[in-house]
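Undergrad: So the sequence lines, in the order shown, correspond to chains A and B.
Heads up, the first sequence is in numbering that gives the first Met the number 0, so the first residue is 0 and it goes up one at a time.
Heads up, the second sequence is in numbering that gives the first Met the number 0, so the first residue is 0 and it goes up one at a time.
Hints should not be assumed to be uniformly reliable.
Claimed, not checked - Among the chain B residues that face chain A by a calculated CB cut under 7 Å, a handful are:
#, residue
1, M33
2, L45
3, Y51
4, L110
5, L111
6, I132
7, H154
8, L289
By construction, these hints were calculated from the structure, which means they are not laboratory data.
Since this is a predicted model, take the numbers as computed values, not measurements.
All residues carry an ideal CB built from backbone N, CA and C; glycine is no exception.
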Amino acid sequence: MRRRSPSLQVLRWALIALAMAWSAIPILLVVLSSFKEASQIFEVPFTLIFRPTLENYRTLWTARPEFFRALGSSAIVTLGAVLTAICASTLAGYVYARYRNRLLSGTAFGMLAARMLPPIIITVPLFPILNVLRMNDTHLLLVLLYAAFYVSLGTWIMRSFVANLPIELEEAAAVDGAGLIAILGRVVLPLVVPGIITVAIFVVVFAWNEYVFALIFTTRDARTAPVVIGEMLGTVEGVQWGVIFAAATVQLLPVVTLVIALQRYLVSGLTAGAVKQ
Amino acid sequence: MGMVDAARVLSRPRAPTAGRVKDRRSARLVHYAMLCPTLVLLLAFLVLPAIYVGWLSFNTSTYGQDSTFVGLANYAQLFADRIFWRAFWNTFFVVNGIVYVELLLALGLALLLSGPVPGKAIIIAVVLAPYAITESSGIVMWRYMFEPDIGLVSHILGGLGLGQLDWSTNPVETLLLASTIAIWHHLPFTFLILYAALTTVPRDVLEASEIDGATRWQQFRLITLRLIMPAVLIAVLFRYIFAIRTFAEVWLLTEGGPARLSEVLAIYLYREMFKYHQFGMASATGCFMLVMSLVIAWPYLRRMYGEVMRSA
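If we strip away everything but chain B, and leave its shape as in the complex, we get (with noise of 0.2 Å):
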């Protein structure tokens, strides 16, 4: 899902040249009229509700109990909660692990595919296929060779002497297999953002530097690098947006268990609003994954105000 971000990032329209905006007349009723049914879909379904999230975190109801008015209390309940503060601290180490090692991975990767490499079309297109398929096939597809004892990749680490991955009762390794799964899921994503940015890095920047005598260390750090990080930066940002959300991973392979040992926000969340029906805790946690994403993203956010703002 997230590569959709990055090319609505990417694909950001020019500024439209003067004389056009001048031509142009003003839009009327019929222009606002289409685009009643993005703005309404985008209020019914993602601002009233997130409104609402925030007004129903300071209340406690459940099911059949009016809703009160509480204040705070929710937010003090959450924050005194140790198993809150495991699922944050699963999150943070799940999150920024998935981040940069795929990070790595996919500048890696694009720097390979970078110049001209024979059957360029076939290898991206499989590096691409993860992208495609639903998590739950994936989590089926990454425990049948991890599946204890008799999985693939259980039996080759066994015969080489290091063990298994004890994904199912030992948090740290279930965590562990979930950001693996992610990383599987989603470098396609990273990997298309840096490697159409490398594909913007003029050639003749490089060959000049190179009759200058730089290595090739000293291209990559002081040309190459610093003319796709604007890029790099996009693809950090939206994949810790994206990485905040992490559920299906650790809910399809342990549920968050044992002992609610290996869950994050998404899966505390989860529970609090639809096993033990607390709507206000669930709200809190809500509330609280939203500043978390706006709060990482707040830097990217106000520079394109700034820019969507100033073309109108």
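If we strip away everything but chain A, and leave its shape as in the complex, we get (with noise of 0.2 Å):
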């Protein structure tokens, strides 16, 4: 390859740095003044060395219940979410690897595009008949709506995940005698966990951090905490910036790593798939 010139490599690296800045400095702020008393959030300019204190947290605890509540609610419809999505989407992803006719096609085609569809629009028949059926303010709801937007996707991974296996194993484990279930559960399943990996990981980022749905679809018991920081944002009684920093802080600490973490799933996903075109 052509050699760089050093100057050129400075500004190669300039760039890098800026890029690295507008991604991190923003979440870096907030997470380091959370440790701050209120009286040095908006101290000029901005110190890196300051004795750190809990002060927002426990205000947090003691003041802000209903944020921990909150917590709970993202954990629990997360967590639903997530395994509603995985078995949906494995079950079809195989079917739609392994059989193939027209109708199968155009379900496969519908699911996708049923993707172009702004989620906000279907707020407004369901609204008033969840609160009917009283299903507005649930975890259940939730679940199912999160589950339900991201099964289309979790259906096309698992699909290429699964067409990618070698059919001869699935025909090895039948000539020897094992059913549907046998060869789901111990020849197809073990060899898909990268795809239920990266569909997972999409699922939980989405649900553990999803504003609209749960800002229109919840009230009181199954609020989440996304809703609850903004709620936290818009007090008349002027912002408690530290306490918001601290729930910020909190919100994004298991999500964060679990993106840093498990990246290469994020980025592999979609090198692997792209080299295939």
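Two chains, two frames, some hints: make the complex.
TA: Next up, the structure:
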């Protein structure tokens, strides 16, 4: 390859540093400031060296118990949505990978087209109906909604993972007398674990962070953490920045860790797909 | 949420070899049963509600009132509403701004990281981080920096004599900040698609062109850009589809204020539905958004329809 001049190399690294700063600084400012006293939060210049305090976390715990209840709701809803989406899309993905006819292809395309639908639209007909059914403000509703909006993607991902398995393994198992359930459970499932992890990351990030549906369909019992953080920002008596920072930090920590730890599934999922095209 | 679609698109399975298809037994009842959980979820929460919205948009109704068929009256009222058109043009400028600024940033970043770069895994991890942040926390972060008079960036801009971003009272500047936050959130998505595409550009083609004396710009324009064009189009398409839905960024900054001047379509719909309880108007707005999305997605959907049905 062409040799790069030193000045170009400097420019290249300066731009990379800029991109990292753009991504990370908003997050780091909030995480760091969550350990500051209220008087220090808007101090100029921003101090990196300070005596950290847990005061904001203490206030969050005592004055905002609804935040931790919401965090629990988020956890329940995320877990439910992930399990539902994985089960549904693994089963469907297997069928789409192994069988083909016009009906199957038609529904596969329908799934793809359904993804174009702006989610907020469905709140109009669903809200009054769900009110009558007393489904509003329940964990179950959010689980089903979140799963519904990700099964199509999940199915397409699982279909591509199953399609890449040699069918001979299943045929050999069938010759040995294994039934469909045994083939799925003992042959296919262990080999598509990376696909399941990929689907799981997408659904976890979505369900844990989703805002619009949670804002509309929950009031108290199933309120999730992103909505409560939004409410804390909108209080009339003046925003308690330190406490919000503590809440945001607690909320983002698990999922940011997960995305960074499992980033190769995001990247390699995309890369592998692109190579195949 | 956008990254997802790219993964789906890019991880499309290969067409099966002819021999395998012939060996395959036809799908039995049990296989259709395995599709049921997925199809029931999609029918119950996407397809049927979307059809019902279409019907509702021809009716007028609210709580405690039977719906009456009014034909196109909701659409007439919608298109006569200046606030609706304000929301439409706000959405138009926000969406186009987001899509193309984000595309340029993502392309630049993907090119920077496409070669061998020491510490690449760490760099990509940092760049991906905003993808994992919830919208409301994203607003917290950016408001902290841009809070009038006291925010860090407000101070810096003031110190440079640039004044500060008046996002809380000036609708143009509200939308500017909202778009910036949206770009911050979704850059990882566009970056990943383009980065994945760049890794497929064959090195030997670039090297051969170098021997032929191509300049770096010629290499980029004539080889790299052409090879990654499908990925660029996919990224642009999905960002359009997702940017049309923009809600939380504006809602959590100003709720569409002052005087509804910074509303986008999703906020207009939300207000009609949940503040004024005008189901018909909300439905008409929803149908309008759906048609916009489908028009933009049309070339892509048509191509995918051909591919999916061909393999049937």
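Undergrad: Run every hint past the structure and note whether it holds.
TA: Hint by hint, here is what the structure shows:
{"no.": "1", "hint": "M33", "result": "holds (4 Å)"}
{"no.": "2", "hint": "L45", "result": "holds (5 Å)"}
{"no.": "3", "hint": "Y51", "result": "holds (4 Å)"}
{"no.": "4", "hint": "L110", "result": "violated (10 Å)"}
{"no.": "5", "hint": "L111", "result": "holds (6 Å)"}
{"no.": "6", "hint": "I132", "result": "holds (6 Å)"}
{"no.": "7", "hint": "H154", "result": "holds (5 Å)"}
{"no.": "8", "hint": "L289", "result": "holds (6 Å)"}
Comparing the model with each numbered hint stated earlier shows that hint 4 is the single one that does not hold.
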